[in-house]
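Trainee: All chains, full assembly: derive it from the sequences and hints.
Respectively, the protein sequence lines represent chains A and B. In this text, residue positions in the first sequence follow my numbering: the first is 1, and each later residue adds one. In this text, residue positions in the second sequence follow my numbering: the first is 1001, and each later residue adds one.
Bear in mind the hints are in silico, worked out from the structure with no lab data behind them. Among the clues, some could well be false.
What the hints assert, rightly or not - The calculated label-pair distances, taken between Cβ atoms and stated as ranges, are:
1) A:M1 <-> B:P1035: 23 to 33 Å
2) A:Q82 <-> B:G1082: 17 to 27 Å
3) A:L130 <-> B:D1040: 27 to 37 Å
4) B:E1023 <-> A:A197: 15 to 25 Å
5) A:L186 <-> B:S1063: 51 to 61 Å
6) A:Q174 <-> B:S1063: 41 to 51 Å
7) A:R5 <-> B:E1047: 19 to 29 Å
8) B:E1047 <-> A:P63: 26 to 36 Å
9) A:A6 <-> B:A1013: 46 to 56 Å
10) B:A1013 <-> A:D140: 18 to 28 Å
11) A:D57 <-> B:L1104: 26 to 36 Å
Glycine residues also receive a C-beta, built at the ideal position from the N, C-alpha and C atoms.
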Amino acid sequence: MRAVRAVLDGNRDAFAVLVERDLPAVTRVCYRVLGNAADAEDAAQEAFVAAYRSLPDWRGDGPFIAWISRIAVRISIRRAHQRRPVDWIDAASLDGQDEMLDPGGRRVARHFAGAAADAADATDPGRLALAGEEAAVVRDALRSLEEPYRETVALRYFAGLTVPEIAEACGRPQGTVKTHLHRGLLRLRERLDTLEAAR
Amino acid sequence: MTERDGFTPDEAARISSAAAALERTARDEGPAPRPELARDIMAALAEEPMPAPVSAMAAAARSRRPSGVLAAIRDAWRVALGAGRPVAVRASSALVILAVVVALGGAGGGVVAAAWVATHPSPTPSPVVSPLPSPSRPMGSAMPMSPRPMSPSTSMPTAMPMTSPLPKRTAMPTGMPTSMPTAMPSPMPTRSAMPTAMPMPTRTVAPTSMSKPGRQPGSSHQPGG
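Mentor: Now the structure itself:
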């Protein structure tokens, strides 16, 4: 809060304290939504710039990380929607440009394979491939949720915020946040069933 | 999460299953951000104006830093005219710009007025030395008469005597016609009704009908006689 006050008083360098402290967590949130390290860094940078611009509007009644996590989730979801959707590639049409093999030997689009390639040093490639595939399905299901369920679920499970922190960051009562969370999880399960059946 | 929470056991199980899938996904934290990322973010912010120019300008004024005040004014301009910022921030920045413009305009106007006064010495003494009273001075007796009635109203002795009587005289005729047309026609019909009510000519005919005297002296005596 002191750093924020200093920034609002004209000390631009005070924002560096917030960046150094919260950048890993914000990048992690973006990565969990996007599933790609490069996209996550771009989204994190955009989130910090947006937070800097909107700093006078921050009420300051919660932790700064909760507020900027909400910004990061929104930016990441918007970027995920702007991004080209993941398509499984036909084995007969492999040209090596936009596809690559994941650790399980499956041909996937390059940006989806990036998440699996980031964990290529693991000892069990098959397990990692399954985990990566499930994570991709979960991300797709989360992005397909309506607001405010999508934001609430993402803040709870991807940003790691508690229900009171979500309530403060979103300006909603805690009971409303709990309702959104439970209904969002129910809808997410329905989407997961649909997506898993489609694959 | 039971039926007391409004969910059936089946729904509670599905909620737990979805939560478990999310937790497994969130277990992958991804790679750590590049070390240069923080520097890149601060470099991007260096091109941004200050987020709150009003408070930044107040802080700079408190610490007596003219450069800080100028930078805050510049930031307020960029925030007020730029996009992607909250309306409240843009409005406060616009107010800062407006206050600066008003202050500069007032100061500039004062400087211009002072310069005008300095370069054009006293245009006000000319009425005092006005040549218009001079024609009245040869009049001798008219000279003391004309300024005295006007002295209570204005201090201008020359032009005001010529203009002040005229509105008084014009005010009188303008007030009169408004009452005159309504008053004048009303007495006229009453007087015109008098002659019509007077059947005087008809009564004057009566002597003409009395032609008997004509018959009396002349004809009656001639045939009869």
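Trainee: Now tell me, hint by hint, if it's right for this structure.
Mentor: Do the hints match the structure? See the list:
1. A:M1 <-> B:P1035: 23 to 33 Å: Roughly 27 Å apart at Cβ, these two residues keep to the hinted range, so it holds.
2. A:Q82 <-> B:G1082: 17 to 27 Å: Distance hint for Q82 of chain A, G1082 of chain B holds at roughly 23 Å.
3. A:L130 <-> B:D1040: 27 to 37 Å: 35 Å, holds
4. B:E1023 <-> A:A197: 15 to 25 Å: 22 Å, holds
5. A:L186 <-> B:S1063: 51 to 61 Å: 56 Å, holds
6. A:Q174 <-> B:S1063: 41 to 51 Å: 42 Å, holds
7. A:R5 <-> B:E1047: 19 to 29 Å: 23 Å, holds
8. B:E1047 <-> A:P63: 26 to 36 Å: Given a distance of about 28 Å, which is inside 26 to 36 Å, the answer is holds.
9. A:A6 <-> B:A1013: 46 to 56 Å: Distance hint for A6 of chain A, A1013 of chain B holds at roughly 50 Å.
10. B:A1013 <-> A:D140: 18 to 28 Å: 22 Å, holds
11. A:D57 <-> B:L1104: 26 to 36 Å: 29 Å, holds
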